[in-house]
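Student: Can you build the whole structure from these sequences, using the hints too?
Chain by chain, the residues:
Protein chains: 2
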Amino acid sequence: MAKPTSRMYAESGVDVGARAVALEALLTAARYRPPPSHGRPIDLPGHFAGLVRIGRETLAVTTDTVGTKVLLAEAMGRWEEVGEDLVGVNVNDLAAVGARPAGLVDTILCAESDVARFRSIGRGLGRGLRAARCALLGGETALVRELVHGIDLGATAIGFFPRGRRPITGRRVRPGDLILGVPSSGFHANGFTLIRRLLREGSVDLDRPRPEAHMPVGVELLRPTRIYSGIADALADRPEVHGFAHLSGGGVRNLARLNPSVAFTLDRWPEVPPIFSWVQSLGPISDREMFETFNMGIGFAIVVAPRGLAELRRRLARAGAGDAVEIGRAEQGRGVRVPAHDLTYEGYA
Amino acid sequence: MAKPTSRMYAESGVDVGARAVALEALLTAARYRPPPSHGRPIDLPGHFAGLVRIGRETLAVTTDTVGTKVLLAEAMGRWEEVGEDLVGVNVNDLAAVGARPAGLVDTILCAESDVARFRSIGRGLGRGLRAARCALLGGETALVRELVHGIDLGATAIGFFPRGRRPITGRRVRPGDLILGVPSSGFHANGFTLIRRLLREGSVDLDRPRPEAHMPVGVELLRPTRIYSGIADALADRPEVHGFAHLSGGGVRNLARLNPSVAFTLDRWPEVPPIFSWVQSLGPISDREMFETFNMGIGFAIVVAPRGLAELRRRLARAGAGDAVEIGRAEQGRGVRVPAHDLTYEGYA
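Sequence order for the protein chains is V and X. All letters in the first sequence, in the order written, are residues -7 to 341 by the working numbering. All letters in the second sequence, in the order written, are residues -7 to 341 by the working numbering.
Don't take every hint at face value.
Claimed, not checked - Quick partial rundown of chain V residues pointing at chain X, CB under 8 Å, derived from the structure:
| no. | residue |
| --- | --- |
| 1 | P26 |
| 2 | G114 |
| 3 | R122 |
| 4 | T133 |
| 5 | A134 |
| 6 | R329 |
| 7 | Y340 |
To be verified - Pair by pair, the computed Cβ-Cβ distance ranges are:
| no. | chain 1 | residue 1 | chain 2 | residue 2 | range |
| --- | --- | --- | --- | --- | --- |
| 8 | V | P252 | X | A341 | 45 to 55 Å |
| 9 | X | Y24 | V | D229 | 18 to 28 Å |
| 10 | X | R164 | V | R155 | 33 to 43 Å |
| 11 | V | S29 | X | E263 | 34 to 44 Å |
| 12 | V | L198 | X | P201 | 25 to 35 Å |
| 13 | V | R158 | X | P37 | 32 to 42 Å |
| 14 | X | G38 | V | R310 | 37 to 47 Å |
| 15 | V | D229 | X | R45 | 16 to 26 Å |
| 16 | V | E104 | X | G69 | 23 to 33 Å |
Said to hold, decoys possible - Residues of chain V placed beyond 12 Å of chain X at every Cβ, according to the derived structure:
| no. | residue |
| --- | --- |
| 17 | L15 |
| 18 | V44 |
| 19 | T54 |
| 20 | L190 |
| 21 | S195 |
| 22 | P201 |
| 23 | G300 |
| 24 | E318 |
For the record, the hints were derived by calculation from the structure and aren't laboratory data. Keep in mind that this is a model prediction, so the values were computed, not measured. Here a beta-carbon is modelled for each residue, glycine too, at the ideal position from N, C-alpha and C.
Tutor: Structure (structure tokens):
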């Protein structure tokens, strides 16, 4: 289906277009450029991380929350997974500019501070931090019963570029480059407002497995975000690597953030994992909306010059990403295409 | 009153003790120290900012929200002030370790993205960024109607130490040091759950001035946080400066975060500004709770060796803090005392 048959996500209460307009108004009003003695921001509009040059180092900064996935955690009474997600959603954006994580701060907003729940979140957080090799540098816990239902989990991550490494922005992507994809671990932590709506409409029992699965669907959906930062770190010093993309909210369209003057043709997209097809089967939702909302099985993309492929594959295997597959190539043009699903996206937004 | 006659804040729904226990459980479970190749965190437990050494630079990181002050913004239909607060609450914590702000990322959680409101927040944010000379490096705007009422404003700030400056931790504070205080601009953005409860119980009309005031009390209470980062930056390279403290949530007890082996005696605390006395008059709330919850008129403290005072005063005046006053001194002992109000606090927590 080339045209969307429904816009379920907007109907779920997430109007991405209205948010973009409001955000533009905020950014325009807030615009300010400090004197160079206060750090030199590097303009990279619409990219995965903010960059700033401080003294002799370049830093990358990302900030993200696990969104409404916490409501599924609440329903299942399981908090380790979203604790781990809190690391993944942030360090994977650092990975997309080739930065190595150096620290994370968390912000927990909650109606009450339940010890058991906080301990579970801490366990997941610790697991994520170990996977990303990242320190917890601080945090804020606000008891704001009048502001939040339950709990909100947000964080900010800071990364750096070791030994003269330069940020990988995608500007060097050119027609002929290959695109590799690293499989995701499921839905990660994006689009849960929509997923939860579909679950409700399908009257899904979260405690039972979906057909052909072996664990409760609530548990399967909670699976924490795969952490790609070690993989990116292992590749980022190779000159044949031209771009990384974290395929989180926005799905395959995230590739367009790398370079507006190249077309990303995903003509070898692997079979979509069953959990995605099953969620899609719950409601009237098009392939187009699925691919622009969810990762559809590939969580991280690597754009690489063909000559470097063999060495890259060795490094991928050593970094625990022997499961990476070729998913497409860069071509003349612009935007992102998924020919097998007859999808064309003009850009990211 | 030496003993609290009430614990209004806990009754307002903010149980600080329970939060501390839950937070400890989270931090214990999350504990992880990365290899030195991934940045070297500097242990400074309980301090205002997290510190990490990356390559040849030391960075400071703080994260904070404006809390339930947004609910007063909502009631008054004014958003610029809390937008500006979002910078202040974060860069003032950077100032407390002597770091110069280099960038901020914001996180806005909201039920809907209203353009006019976002523009107002942006204007305030811009004003704060200019005052702090700080760039906006990025942000996250999450439409999470099921998680938040209205809007939550949070941010993370990153600071650095220019030209070989070292973090100012307070470890060098010694008996005999003087304590200067920089006046606050009002309640800043702390304790608003309690303030709003007192306003409700006193049936206060937010659109009318309190006695002897000339603006609506809602507007007076919204006054944005004074930004102290330029002041701290102007002093931080002076060897006679031994410590800085941002007197936000926790009030005067924040001084105890600097050095556990010194007593901070605030025997020259200035007259408490009328807005604080008036809020206190609304409910049965002790001096003790007021001084451990609010800034009580002094938002930033500077601990300094007496020999350096004259030069420091010149620098303060140039940095726009000619209104700084001497508020006390460091002595043998521990904790924080405010003799005029007969208050003794053993420590920060």
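Student: For this structure, which hints from the list above don't hold up?
Tutor: 6, 7, 12, 17, 18 and 19
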